[in-house]
Amino acid sequence: MQGGVVVGVSFAYLGILFAIAYYGEKRAEQGRSLTNNPYIYTLSIAVYCTSWTFYGSVGRAAKTGLDFLPIYLGPTLVFVVWSMVLIKIIRICKVHRITSIADFISSRYGKNFALGSLVTIIAVIGTTPYISLQLKSIATSFNLLIGFQNPELPIYGNPFGIDTTLVVAIALALFAILFGTRHIESSEHHEGLVAAIAFESLVKLFAFLAVGFFVTFGVFSGFGDLFYQAQAHGLTQLYVVSADNDYGQWITMTLLSMAAILFLPRQFYMSAVENRDETHLRTAAWLFPLYLLVINVFVLPIAISGKLAFAGTANDADMFVLTVPIHYGQSELALFAYIGGLSAATSMVIVASIALSTMVCNNLVMPLLLRWKLVNLSESGDLSSLLLTIRRVSIPIILLLGYGYFRIASESYSLVTIGLVSFTAAAQFAPAIIGGLFWRGGSSTGALTGLSLGFLVWLYTLLLPSFAQSGWLPLNFISDGLFGIAWLKPYALFGLEGFDNLSHALFWSMFANIGGYVVVSLRGELSPIERIQGRHFVDVYDDTLGQNDSRSWQGSVTIASLQELVGRFVGPERAQNGFLAYAARQNFTLKGDEIADSNLLANAESMLSGAIGSATARVIIGSMIKGENVSMNEVYQLLDETTQVIEYSRMLEVKSAELEETSLKLQQANKRLKEFDSLKDDFLSTISRELRTPLTSIRAFGEILLEGQNTSDKERQQFLGIITKESERLTRLIDQILDLAKMEAGRMDWSMSNVDPTSTIEEALAAVDGLIKEHNIKLILDLDKSLPAVRADHDQLVQVVINVVSNAIKFCNHPGGIIRVSSRPGDNGLLVEISDNGSGILPEHRDFIFEKFHQSRRGSNQMPIGTGLGLAICRQIISFFEGNIWADNGEDGGAVISFEVPFAR
Amino acid sequence: MFCGAILVLLPPFISIYDKADFIFGVPQAFIVIYGIWAFIILAIALGARRRSMRKTPAETALSPISDKGDS
Chain A
1 MQGGVVVGVS FAYLGILFAI AYYGEKRAEQ GRSLTNNPYI YTLSIAVYCT SWTFYGSVGR
61 AAKTGLDFLP IYLGPTLVFV VWSMVLIKII RICKVHRITS IADFISSRYG KNFALGSLVT
121 IIAVIGTTPY ISLQLKSIAT SFNLLIGFQN PELPIYGNPF GIDTTLVVAI ALALFAILFG
181 TRHIESSEHH EGLVAAIAFE SLVKLFAFLA VGFFVTFGVF SGFGDLFYQA QAHGLTQLYV
241 VSADNDYGQW ITMTLLSMAA ILFLPRQFYM SAVENRDETH LRTAAWLFPL YLLVINVFVL
301 PIAISGKLAF AGTANDADMF VLTVPIHYGQ SELALFAYIG GLSAATSMVI VASIALSTMV
361 CNNLVMPLLL RWKLVNLSES GDLSSLLLTI RRVSIPIILL LGYGYFRIAS ESYSLVTIGL
421 VSFTAAAQFA PAIIGGLFWR GGSSTGALTG LSLGFLVWLY TLLLPSFAQS GWLPLNFISD
481 GLFGIAWLKP YALFGLEGFD NLSHALFWSM FANIGGYVVV SLRGELSPIE RIQGRHFVDV
541 YDDTLGQNDS RSWQGSVTIA SLQELVGRFV GPERAQNGFL AYAARQNFTL KGDEIADSNL
601 LANAESMLSG AIGSATARVI IGSMIKGENV SMNEVYQLLD ETTQVIEYSR MLEVKSAELE
661 ETSLKLQQAN KRLKEFDSLK DDFLSTISRE LRTPLTSIRA FGEILLEGQN TSDKERQQFL
721 GIITKESERL TRLIDQILDL AKMEAGRMDW SMSNVDPTST IEEALAAVDG LIKEHNIKLI
781 LDLDKSLPAV RADHDQLVQV VINVVSNAIK FCNHPGGIIR VSSRPGDNGL LVEISDNGSG
841 ILPEHRDFIF EKFHQSRRGS NQMPIGTGLG LAICRQIISF FEGNIWADNG EDGGAVISFE
901 VPFAR
Chain B
906 MFCGAILVLL PPFISIYDKA DFIFGVPQAF IVIYGIWAFI ILAIALGARR RSMRKTPAET
966 ALSPISDKGD S
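Just so you know, the protein sequences line up as chains A and B, in that order.
For the first sequence, this note's numbering assigns the number 1 to the initial residue and increments by one for each residue that follows.
For the second sequence, this note's numbering assigns the number 906 to the initial residue and increments by one for each residue that follows.
It should be emphasised that the hints constitute simulated quantities derived from the structure, not laboratory data.
Some hints could be false.
Listed next, the in silico DSS-like pairs over lysine-lysine satisfying Cα-Cα at most 30 Å (straight line) [to be verified]: (1) A/K778 to A/K725; (2) B/K924 to A/K63; (3) A/K307 to B/K924.
Take the sequences, apply the hints, and build the full model.
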């Protein structure tokens, strides 16, 4: 075929792509989005199918049969759980305006710089083999198409005089620059790009199906015929996954492709970042696997037909999609297949290079420039051109890296083998992301450790050996290990043998990665912002969470300067539109000289995030209001202080409650003290009167006797009797005071024994018998003679009965007094009741009559007022006997004094 | 569903049907794997139709600026 035709068609195709992208953007600007539907979204995810699928799968199938399939079954499995994983990632990307996988990981672990850079580096290096695969396939297919003269022995043309792959790389770099970096978006959606990629997915699908139909129904008469003929030619080993039941690589490839559909940088970019609407996923979840199924139906037939057509010749099986139509004279079909392959390769290269250049710019170069103060934010100037320059420079570098890998290692490998190296690199992101989605405890140091270790193991066990096999490193690096150390052999690390290279690399890298991530995360402390971001990511569905952590921004930046800052990254016009839209939503008017509040600052950060990634946006806003922003640590500190204050005030509350209680007690004590005080006053006046009365009479009669010439003997006798009686009274009083004092001080000598109650009561009554008779009082006895003994001091018990009866004598009616003494078993032992027929005790006095020095004012006029100690002494004595004494009024209104003493055991 | 799919697609299950025998003129492994695959897709489609989506995040004060006219 004419080289000029092929080149012309290629460029025409790229031109169409460009037109579609342009049209898509125009439509978006008019608000009639082309891409905002689930079918376009599904087709854009189909960027997963690259020339690996288009050419490589057939090559793989021609060699090893059905084991090309896990690469497509894995994604299908992932979409089974789309509602758990994918939708959560998409939601997070929307809420946090994530621009790339590096942005995602760095944002998850506290907007961590180092992590973003590391992810970027891994992504760039890891994608390099994949890009080289695309370059190789384009160049090979191009050369093949124009140089294919002899169906039996194809030769490869060289129309440019230099390496076609390099030409392809340069052309694609230019195309990607034109395509993806025309201006900086303040939104993370690129409608034109999505539209073009969706178109490419259609082209490659139809191209592949066309070849498949031609082979199956044109060359052969259907599947049955094809398989039958292949069997006749002994190709049955292609009908199975593994002829010898070795499924190690099948499992490995399934796992790898599951990771790849989520974490390949371009895949993450297309399915998560460019997603317009979460509900699109509902369709894509089954439509995308269906796309994969359909595009794979004819892989085996094409492979078989290639094997049959080129039996015995050393034909590159990776190119059967092209060479089979050519072999059967279908050059137009071959051209269409070439365009399909071109579309598969260009879609991957374009998306990957744009996604990677965004990461390089946002997560690697800009943070470094900001850190090294090479970009002065305080000066004016359009920074969006700087961003564009960084991206434009990084795209050719990324493609040249891919070309470099092609030169070093790709030529000797098949397409699938090269691609799997990249898949393994992408799988390194799985622990940090899956862990970050479901586990709040993951820390940035953990993610850094895991990623670094996994990446190093990947380098050592997959990338470096591929260099060695191409002769760029000594070959004994593989056979003997590094420095000849056997357990450092890259394909049998630490002596682990019996696995294929891929499974071996995946096992060790995941072992190091997951191990490092989990162990370091568990051992370390989370910083506040890691904790906050962890919560934001893990609990992204929780509507109560703020949608942004930037509420902590506090600064004195004016709205005008903030808008100007944002404008320098996204363009003044876009910035102004954004600010106005925000103001319209919030219902306030923008005044340039006003201070931006924290919500506006957060909004500005969000706008910047869409253009330059969340970590860099945070740094920029942070440096803008430096010295004035409240850092997370400070917020936490404040929170701590507040907590302390709350704690302190709670303690104060407790204390004040205690104080209140104490003061209440104090008040009560004070009241009692006052009562005691007044009792003491009463006592003093009583006691002095009590003492003075007998003293006065003693003194008076003494003086009479002293002068006593006129006193008769009889009178003298009478006076001496009075003096003696008064002295006895005085002595009794003083004895009682002393007794009471002794009892209260616990210095009383008690002689406890078993005492018979009846005889004791009778003995006491005998002692007061004279007094009773003197006052003509009728004594009624009601004693239970069969009572058991009580545990008491005999003399003191007698004293109690005497005191109580004396009291009754004082307060009963005069004349006609009746006193009743009864004894019987009570609830707590011996119960003695002594009642009189007096006027009783006022209820308010009942509690007081047993107090010291209490004297009832209602005592009979005829009777001397008591000392006020008798009942107090009784209470002391009965308490000592562990009994009880109380006062009450009887049915006839007289007082009843009762006491109980426990029986002896 | 996910576990079931993994189970039938990975060893030891796969070795049951991974044979070169012919069914309906087509190799057994080929038709079984594609059949399982199609079945899984059908199941996802049915599941996705039924499953109620979680609410999309409410437009809040902090939501991004309008996408219209930006790209």
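Status of each hint after checking the structure:
1. A/K778 to A/K725: Judged against 30 Å, a Cα distance of about 25 Å means the pair holds.
2. B/K924 to A/K63: holds (17 Å)
3. A/K307 to B/K924: Between A/K307 and B/K924 the Cα gap is close to 20 Å, so the pair holds against 30 Å.
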